[in-house]
Amino acid sequence: MKLVTAIIKPHTADAVRAALDAVGISGLTMTQVHGYGRQKGHTEIYRAAEYTIEAVPKLRLEVVVADDHLEQVLTTIVEHARTNGGSIGDGKIWVTPVETLIRVRTGERDTQAL
Amino acid sequence: MKLVTAIIKPHTADAVRAALDAVGISGLTMTQVHGYGRQKGHTEIYRAAEYTIEAVPKLRLEVVVADDHLEQVLTTIVEHARTNGGSIGDGKIWVTPVETLIRVRTGERDTQAL
Amino acid sequence: MKLVTAIIKPHTADAVRAALDAVGISGLTMTQVHGYGRQKGHTEIYRAAEYTIEAVPKLRLEVVVADDHLEQVLTTIVEHARTNGGSIGDGKIWVTPVETLIRVRTGERDTQAL
Amino acid sequence: MPTDALTLNPASTAWLLVSAALVMLMTPGLALFYGGMVRVRGVLNMVMMSFACLGIVTVLWVLYGYSLAFGRDVGWGLIGNLDAVGLHHVGKDSLIGPAHDAVPVFAFVMFQLMFAIITPALISGAVADRARFSTWCVFVALWVSIVYFPVAHWVFFFDGGHGGLLGDRLGALDFAGGTAVHTNAGAAALALVLVLGRRRGWGSVSMRPHNLPLVMLGAGLLWFGWFGFNAGSALAANGLAATALLNTHVSAATAMLGWLAVERWRDGKATSLGAASGLVAGLVAITPACASVDVWGAMAIGVIAGMVCAWAISWKYRLGYDDALDVIGVHLVGGIIGSLLIGLFATSTVTSGASGLLHGGGFSLLGKQFLAVAAVGAYSFVLTLALGFALERTIGFRLTPEHEELGADLSQHAEAAYDYSTLRAHVHRLGGHEPEPGAWGAASAHDPAPAPPAQPPEEPS
Amino acid sequence: MPTDALTLNPASTAWLLVSAALVMLMTPGLALFYGGMVRVRGVLNMVMMSFACLGIVTVLWVLYGYSLAFGRDVGWGLIGNLDAVGLHHVGKDSLIGPAHDAVPVFAFVMFQLMFAIITPALISGAVADRARFSTWCVFVALWVSIVYFPVAHWVFFFDGGHGGLLGDRLGALDFAGGTAVHTNAGAAALALVLVLGRRRGWGSVSMRPHNLPLVMLGAGLLWFGWFGFNAGSALAANGLAATALLNTHVSAATAMLGWLAVERWRDGKATSLGAASGLVAGLVAITPACASVDVWGAMAIGVIAGMVCAWAISWKYRLGYDDALDVIGVHLVGGIIGSLLIGLFATSTVTSGASGLLHGGGFSLLGKQFLAVAAVGAYSFVLTLALGFALERTIGFRLTPEHEELGADLSQHAEAAYDYSTLRAHVHRLGGHEPEPGAWGAASAHDPAPAPPAQPPEEPS
Amino acid sequence: MPTDALTLNPASTAWLLVSAALVMLMTPGLALFYGGMVRVRGVLNMVMMSFACLGIVTVLWVLYGYSLAFGRDVGWGLIGNLDAVGLHHVGKDSLIGPAHDAVPVFAFVMFQLMFAIITPALISGAVADRARFSTWCVFVALWVSIVYFPVAHWVFFFDGGHGGLLGDRLGALDFAGGTAVHTNAGAAALALVLVLGRRRGWGSVSMRPHNLPLVMLGAGLLWFGWFGFNAGSALAANGLAATALLNTHVSAATAMLGWLAVERWRDGKATSLGAASGLVAGLVAITPACASVDVWGAMAIGVIAGMVCAWAISWKYRLGYDDALDVIGVHLVGGIIGSLLIGLFATSTVTSGASGLLHGGGFSLLGKQFLAVAAVGAYSFVLTLALGFALERTIGFRLTPEHEELGADLSQHAEAAYDYSTLRAHVHRLGGHEPEPGAWGAASAHDPAPAPPAQPPEEPS
Ligand SMILES: Nc1ncnc2c1ncn2[C@@H]1O[C@H](COP(=O)(O)OP(=O)(O)O)[C@@H](O)[C@H]1O
Ligand SMILES: Nc1ncnc2c1ncn2[C@@H]1O[C@H](COP(=O)(O)OP(=O)(O)O)[C@@H](O)[C@H]1O
Ligand SMILES: Nc1ncnc2c1ncn2[C@@H]1O[C@H](COP(=O)(O)OP(=O)(O)O)[C@@H](O)[C@H]1O
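Line order of the protein sequences matches chains W, S, E, B, X and H.
Using this note's numbering, the first residue of the first sequence is number 2, and each one after it goes up by one.
Using this note's numbering, the first residue of the second sequence is number 2, and each one after it goes up by one.
Using this note's numbering, the first residue of the third sequence is number 2, and each one after it goes up by one.
Using this note's numbering, the first residue of the fourth sequence is number 61, and each one after it goes up by one.
Using this note's numbering, the first residue of the fifth sequence is number 61, and each one after it goes up by one.
Using this note's numbering, the first residue of the sixth sequence is number 61, and each one after it goes up by one.
You may find that some hints are simply not true.
Unchecked claim - A few chain E residues facing chain H, derived, Cβ under 8 angstroms:
#1 Y47
#2 D69
#3 S88
Said to hold, decoys possible - One side only, chain S facing chain E, incomplete, derived with CB under 10 angstroms:
#4 Q33
#5 K41
#6 E80
#7 T101
#8 L102
Claimed, not checked - In silico DMTMM-like links for lysine to aspartate or glutamate, alpha-carbon gap of 25 angstroms or less:
#9 S:K3 <-> W:D69
#10 E:K41 <-> S:D22
#11 B:K329 <-> E:E55
#12 E:K3 <-> E:E72
#13 E:K41 <-> S:D111
#14 E:K3 <-> W:D111
#15 W:K3 <-> E:D68
#16 W:K3 <-> E:E55
#17 S:K41 <-> B:D161
#18 S:K3 <-> W:E80
#19 W:K41 <-> X:D479
#20 E:K41 <-> H:E462
#21 E:K41 <-> E:E55
Worth flagging that the hints you see were computed from the coordinates, not collected in a lab.
Cβ atoms here follow ideal geometry from the backbone N, Cα and C, with glycine treated the same way.
Please take these sequences and the hints and turn them into a complete structure.
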């Protein structure tokens, strides 16, 4: 099994989730994060003090998938998280190996737990 | 070493932590996350606009453990994160391999860093 | 490729980021988390009810790095996240293997995606 | 009671109009004071329990409440008659009050209505997070009808000795509602706490206030509005009103200091929640006494109320009742303290009449005060207990465990108080209809249709 | 209009001073009411749209606005002359009003100014999140000049039959601004919504209120301030003011209940946003009518306004216009309802003059009310539409998609409303200068230089 | 000074009672204004620094403060005698003021007390986040005793030429406290900033406001309350009060515009924090002048104050002092501007006496204004510096680095302002006792014992 972690722009989340749902992936976990990278942040001013906020709000998706679904999931996310045919800051996806997956409710393991 | 990531219901966190403490695991990291899956969210209404909130608030626990503690930790979490003998949305646990662990304070590595 | 996850004290974040930048790592993802461990939390009192807050606010850094940058990144983080030459609660760093990295914007993979 | 040979005093009228407005503001102030003190999942429900009173009690007051409270007494000082039902016979030129210092009846109706509104709202803090909102609304309507309206008549209706039982006939002093409002609400809170029981997880999970700046704001608005409550009760802009104003302020200030002193000594820290709680305790305690004592009396009442209430709020942990926001510890205890201390500190230089024990008036006044407190407290407690149990047994008063766990905001109002996040929700139905795509064109998250004359959308972030 | 043989009534003056203060508070109250209702990225911009009115309209009012609205009529009741430009000839002892019940002109100037401020502020809710702030400021200045000042003259300027067109000459009743303020602002809101179009993502992404306790606070402050708005319009502390006060309160309360009843029936839940919306609808509708109807009329107006507005706010989803915070559904609809219902419910016992249809006055008053509403609504809509399009075509009114997506707070004000986080921002420039290290020594995140006499820094956490 | 042959003016009394209430609200308003401006870890401490003044100053005022400030002068106009200690000899019927326009002494005591409360509260913003709360309380008590009470006597005590040094004897004009309140607080702030030094990390870490809607709310409440502050200082409901009211409003509005103009030009954006700051600067500057200038003078003062203060707040970055919330830049600078500009803009049509330079009064008034400002500023600065250092050296004034890093809320009050999270805290001790399991049965996070008559618990989510 694999853990797919995707950092995406917040406003693409609905579309990504809908697309994953369409390929049969309905379970996932989402975290609000701040990203740093090529995409620039913004400037704020408070009583003549200027702050450069480099962090950009992002969402972090975690999806555990069976090995044979991996490519499909990756393609789906890339496709729906991309904005305007690809803009700076659209995000990153990385895949890490999962040794065990457990469903707390039942104690089922691995693919049964999906 | 392994990284155990558990998505649990927020109100079970105290019990899970206490139980882990009892088996000698006192260090962990917790994140507020939103989960999607079988468990349904809720509906909100604002001036005649109805919103379906599919996200369910969850907590994400990360515990790095030595290999020989792994099973005990998994069992402990499953046992204490389960509600009413197992309800939908009780959560997931996954295990990923950790190649190195470092304690920032000392620079110690791997099991010494636990 | 490796995923470096570091749990650090929030007020060291600027310095850690600057130092990583200096060694050529400008992309990373940050999450607000709560840590439990040796470092103690604090006490709050509301109308005669005393609460022990064991959670300590931390930041969680995620950096995907090429294998040959790994050691440098680890050293850099350790060096700049350490406070007063090492205090309790300075944090942990762990390394997990990454099988694939994708840049959403372009679909590029692995080192090209960095 | 509008009579004919009265002359309007425009200055008193101005002050009464302002006072009514000030007291009105107390209910939203209370809503925020309470709302900040609950967990994040119950704040709107807490606020709504107060706003519901603004709606329901207003209607009942116009229908029959004013008449029951301030209509001519039907006998024994127990309740008013129905002459003023629907504010019948009252017109814009109707006056009430002393011959040359009268005010429009409508101003008086409005001023007293504000008291009728905030009294049930005060109760709500005790049952935070676990009452069904619809049952709460029914409770408010019934409670003011059978408890508040009669009690207001007992205490506030004066008619030359033929008025209310406790004020006009017995001669107990309650200038602005230490018995009718605070003892009354506090005793009712105690009853409801017994009816509804403890919140799930009480004593084991954190129930800390979710927004203390909101609590401080609420406390500030209460302090401000209370000037209308107490000094406005003079129904005139004179020295008595000024005395009530100063005493009210002094008691709030000293009670705050008293509460903070207890906290500092007991808990090691003086807290902002303690400051807010203390000042409210001082305001509660001076309410009946503000026109009976001098400034030293006000100081004494403030310090005593602040310290005793700071101590009283911890009883619940020992006795095991979940008075969520300490309505009993602050309003019942504070109301009783203030009402009884009149028996000690009242001075004829202020009351132009009765004196308390410490000013040579003997035990007589103290006895009357005790009777008044006991009568109001017992009546309110017993009727509220009966009413509460009746509602719980019939339509159900306590939330189901599912609804309580989900939170009163979501389960009772389908709302969440805050949304600071960048996560999005799926829109399901708008204005009672499934969204019609045609209505806003091809609008979607990815391709929002800009209305003319907006420029074509791009993806900036 | 200051004349000489007038005597100051100090009580009326006191009440008018207070009323002016109360109405002033409504604009910050509105700012928070609106601010809480938008998404987190637009709250400050929403607030600033109201505060800008406090600045801009004040200056214009002193310069020429007061004169245009309340200067002697130039003919046909259309606009005032320029005699009072710059408040010329008005001094601290100038009086205005009935012979023995006059008030200082400055108090009247101030009171009426508050109406001129809040009217454009009301409009802002309709165009939340998508208007350029600088263009908004220009819009406000032009809009009050060509729309509000004339309309206020039509409605509020009385001069023995030689005053304003709709009030003094036609005889339409509008005590405190159902036409001049609410119909006016609502019609302008409709025009601006057509000019600016929908927010990006409207109908597909969540636009839920980000802070409902803030909305409730704003609603509470509005309710409080509205007492000054309506009862203050009596310009005297008398029975009429008391009547207006009570009617205002009753209408707010019943409209809140009416709105909640619709929600309960239609959506299954009574919401806090519904309560806030309903009470505002009731306040809007009673504004013109508060000194024309009895308490039963106020109740009827409240219930009708609450229920109709609750239903009206869902039209936008069907018709596809994005009236973001329902200025049309609440202020236009509510203003029209209140103004027309005077034609039904007005009673000579309160008006000391005209009666409505249900009190035997025939259709005459109803006709006048209809004319007044139509005139104000049409005038405001047409001029606002023209003004809005002119601004959009010239200096640009709508935010660029980039700025809208970034949020109006960041793009228009370089600010974010809240910072609860532990993340840090890099400080770039301070006080208009690059930070000079020398200025604060070796200050850095890791080695903050404590100023004497502070102890040497350590790293505690 | 209560004398016998006075007649109460009820209208003036009504206005004074209301004004006292309005000024009271300013202190909670200030608490929120300041509280929103600090980082999230210090908001409650900021709020408590203001609320502490409400408690402490009230007690001292009754004990001896009123007597020192408004007791008969002991000579040279420096301080009042002790005749009114403990409000001795003052009763509910005691009057003060002009023969036929007197008000209750208690109303005056209360009104002036509000000034004494807010003055030290103003200082607190300068030392945000780094003062020990207990030392702050001691500081407030000593500071009002040795600085505020005498200075109030100098400026506000009139006794036919035998009153206070600066007002009654010298003839400097300060209607509502430009010197006694704002210059005074601002100079004290400067002194305390020197005593306490900079916050840790100043200039390198982000110290942006954590809650700007709270700041805007505070600013709105300040604006509202300031009407009582300035117009209430007329002590009568007359044309002078109306003039003060209008001038106050106009200055706030124009100063806000002035500040925003500077921001727009210097920083590129007009910010909401700038609007809030600007309006406060305008209110500060008009405070001494509101009953000395006409509306054009008020406009000029507003614009000048807004622009100069907007520029003044950036000095600190160049000079390296950490005036956290710009008390110096707004209150010291604004107070001086307003006090001096009286010397230019005062007009006899408003003052019924002295005129300023631009209205033909020559340099005389300007000179007096300068003297008054210098005297108050110097006195306050020197004594505060001495007092501050004395406290720092003895009981310690500055937080330890550990406490500062932890945040003033947690370290000084054991509280955190907000809890929006779903994380839970372990309950340790309740009501001063270890939790007794028996008290709430087998209550635990997993098996909460529902109190009867609640249904058995289930796990819904
Ligand atoms: N090396 C990295 N490790 C972890 N997260 C990264 C890394 N580089 C970028 N990210 C995340 O991906 C987001 C997008 O990256 P960015 O460089 O802005 O754009 P792009 O990927 O289009 O070149 C960042 O905001 C950050 O959250
Ligand atoms: N494939 C997945 N990858 C990551 N997280 C998941 C996945 N499936 C479920 N989750 C997480 O687990 C939580 C519980 O899953 P859910 O399907 O609701 O219940 P259950 O596990 O009891 O069947 C979800 O809210 C989500 O946070
Ligand atoms: N086993 C673990 N797994 C995951 N995170 C951990 C673990 N142990 C500690 N942490 C994280 O590291 C932080 C610092 O750990 P702590 O024990 O307080 O100090 P130190 O690492 O200096 O001994 C904790 O707050 C927690 O976030």
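Against the structure, the hints come out as follows:
1. Y47: Because about 7 angstroms separates Y47 (chain E) from the closest Cβ in chain H, which is inside the 8 angstroms limit, the hint holds.
2. D69: Because about 33 angstroms separates D69 (chain E) from the closest Cβ in chain H, which is outside the 8 angstroms limit, the hint is violated.
3. S88: 12 angstroms, violated
4. Q33: 8 angstroms, holds
5. K41: Since the shortest Cβ distance to chain E is 26 angstroms, the answer is violated.
6. E80: Result: violated, 19 angstroms to nearest chain E Cβ.
7. T101: For T101 (chain S), the interface hint holds, since the closest Cβ of chain E sits about 4 angstroms away, which is under 10 angstroms.
8. L102: Result: holds, 5 angstroms to nearest chain E Cβ.
9. S:K3 <-> W:D69: 24 angstroms, holds
10. E:K41 <-> S:D22: 14 angstroms, holds
11. B:K329 <-> E:E55: 19 angstroms, holds
12. E:K3 <-> E:E72: Answer holds: K3 (chain E) to E72 (chain E) is near 11 angstroms, not above 25 angstroms.
13. E:K41 <-> S:D111: Given pair K41 (chain E), D111 (chain S) holds - Cα atoms ~23 angstroms apart, limit 25 angstroms.
14. E:K3 <-> W:D111: 24 angstroms, holds
15. W:K3 <-> E:D68: 20 angstroms, holds
16. W:K3 <-> E:E55: 33 angstroms, violated
17. S:K41 <-> B:D161: Cα-Cα ~65 angstroms, so violated.
18. S:K3 <-> W:E80: 32 angstroms, violated
19. W:K41 <-> X:D479: 19 angstroms, holds
20. E:K41 <-> H:E462: OK: K41 (chain E) and E462 (chain H) at ~14 angstroms, within 25 angstroms.
21. E:K41 <-> E:E55: Holds - the C-alpha atoms of E55 (chain E) and K41 (chain E) are around 6 angstroms apart, at most 25 angstroms.
The structure does not agree with the numbered hints 2, 3, 5, 6, 16, 17, 18 stated previously, though it agrees with the rest.
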